[in-house]
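Peer 1: Chains A and B, in that order, give the protein sequences. Residue 282 is where the first sequence starts when you use our numbering, and the numbers rise one by one after that. Residue 133 is where the second sequence starts when you use our numbering, and the numbers rise one by one after that.
Each hint should be verified, as a subset may be incorrect.
[Claimed, not checked] Simulated pairs of lysine-lysine, PhoX-like, Cα-Cα distance not exceeding 20 Å:
(1) 378(A) to 231(B)
(2) 225(B) to 378(A)
(3) 325(A) to 231(B)
(4) 325(A) to 188(B)
(5) 188(B) to 322(A)
(6) 335(A) to 359(A)
(7) 332(A) to 359(A)
(8) 325(A) to 225(B)
(9) 335(A) to 378(A)
(10) 231(B) to 335(A)
(11) 378(A) to 332(A)
(12) 335(A) to 325(A)
(13) 296(A) to 359(A)
(14) 202(B) to 225(B)
(15) 202(B) to 188(B)
(16) 231(B) to 202(B)
(17) 325(A) to 359(A)
(18) 332(A) to 231(B)
(19) 239(B) to 322(A)
[Claimed, not checked] Per the computed footprint, the stretches of chain A lying under chain B, defined by three or more beta-carbons under 8 Å from a beta-carbon of chain B, are:
(20) 323 to 335
(21) 387 to 395
Rather than coming from a laboratory, the hints here were simulated on the basis of the structure. Glycine included, C-beta positions come from ideal geometry on N, C-alpha and C.
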Amino acid sequence: EAGVTQFPSHSVIEKGQTVTLRCDPISGHDNLYWYRRVMGKEIKFLLHFVKESKQDESGMPNNRFLAERTGGTYSTLKVQPAELEDSGVYFCASSVKGPPGEQYFGPGTRLTVT
Amino acid sequence: TQLLEQSPQFLSIQEGENLTVYCNSSSVFSSLQWYRQEPGEGPVLLVTVVTGGEVKKLKRLTFQFGDARKDSSLHITAAQTGDTGLYLCAARKSGGYQKVTFGIGTKLQVIP
Chain A
282 EAGVTQFPSH SVIEKGQTVT LRCDPISGHD NLYWYRRVMG KEIKFLLHFV
332 KESKQDESGM PNNRFLAERT GGTYSTLKVQ PAELEDSGVY FCASSVKGPP
382 GEQYFGPGTR LTVT
Chain B
133 TQLLEQSPQF LSIQEGENLT VYCNSSSVFS SLQWYRQEPG EGPVLLVTVV
183 TGGEVKKLKR LTFQFGDARK DSSLHITAAQ TGDTGLYLCA ARKSGGYQKV
233 TFGIGTKLQV IP
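Make the full structure from the sequences, and use the hints.
Peer 2: Next comes the structure, spelled out in structure tokens:
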């Protein structure tokens with residue numbers, strides 16, 4: 282069974298540009314989560330989808346971040362326009378059940394904004 | 133201020149030694165999880181504890197949830213080089229839907 286996949290693995294963009302991160306959860310997992318780890322800090326929750334609906338988006342930093350999960354399958358996280366402080370590793374996770382069900386994490390996308 | 137304080141943040145030990153890492157908070161949690169993360173990969177769940185005082189064992193790893201459900205420890209017996217990695221605790225507060233909060237992690241290096 283394929284695990285959670287994320288694309289790209291690395292992205293380097295300039296301040297002001299737009300970047301879209303993609304997450305493909307494990308097939309059949311209705312719950313999908315986005316997290317971010319900024320260098321030197323802990324992993325922080327961004328948002329939680331149940332199928333195509335946003336269950337909780339309280340962790341989204343600001344309105345430059347837009348997450349979608351059309352059709353309840355893969356999800357995208359778009360940052361527009363990117364700022365220097367957006368640099369970090371963005372993790373996606375999926376689970377069959379909601380919290381505290383076991384979450385399976387993807388390898389992350391390392392985003393660098395210069 | 134971090135909700136979950138992990139200590140130590142860095143630990144380097146010889147193979148065969150025992151070690152304990154801690155995850156502490158002033159908040160009460162409904163559940164607490166320990167993850168292990170290797171470079172270039174996402175965290176992998178090791179264990180979930182939900183009951184105060186609960187002890188779970190996973191081979192040479194022993195996990196304990198505090199009686200008051202505010203803290204936890206991970207003890208590794210006879211560490212091996214394969215135990216090297218970043219150990220993260222993550223917890224969810226009691227009451228309704230609560231998002232998970234992570235600690236900053238303990239980076240463990242086991243030297244042969």
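Peer 1: Hints the structure violates: just list their numbers, smallest first.
Peer 2: 4 and 5
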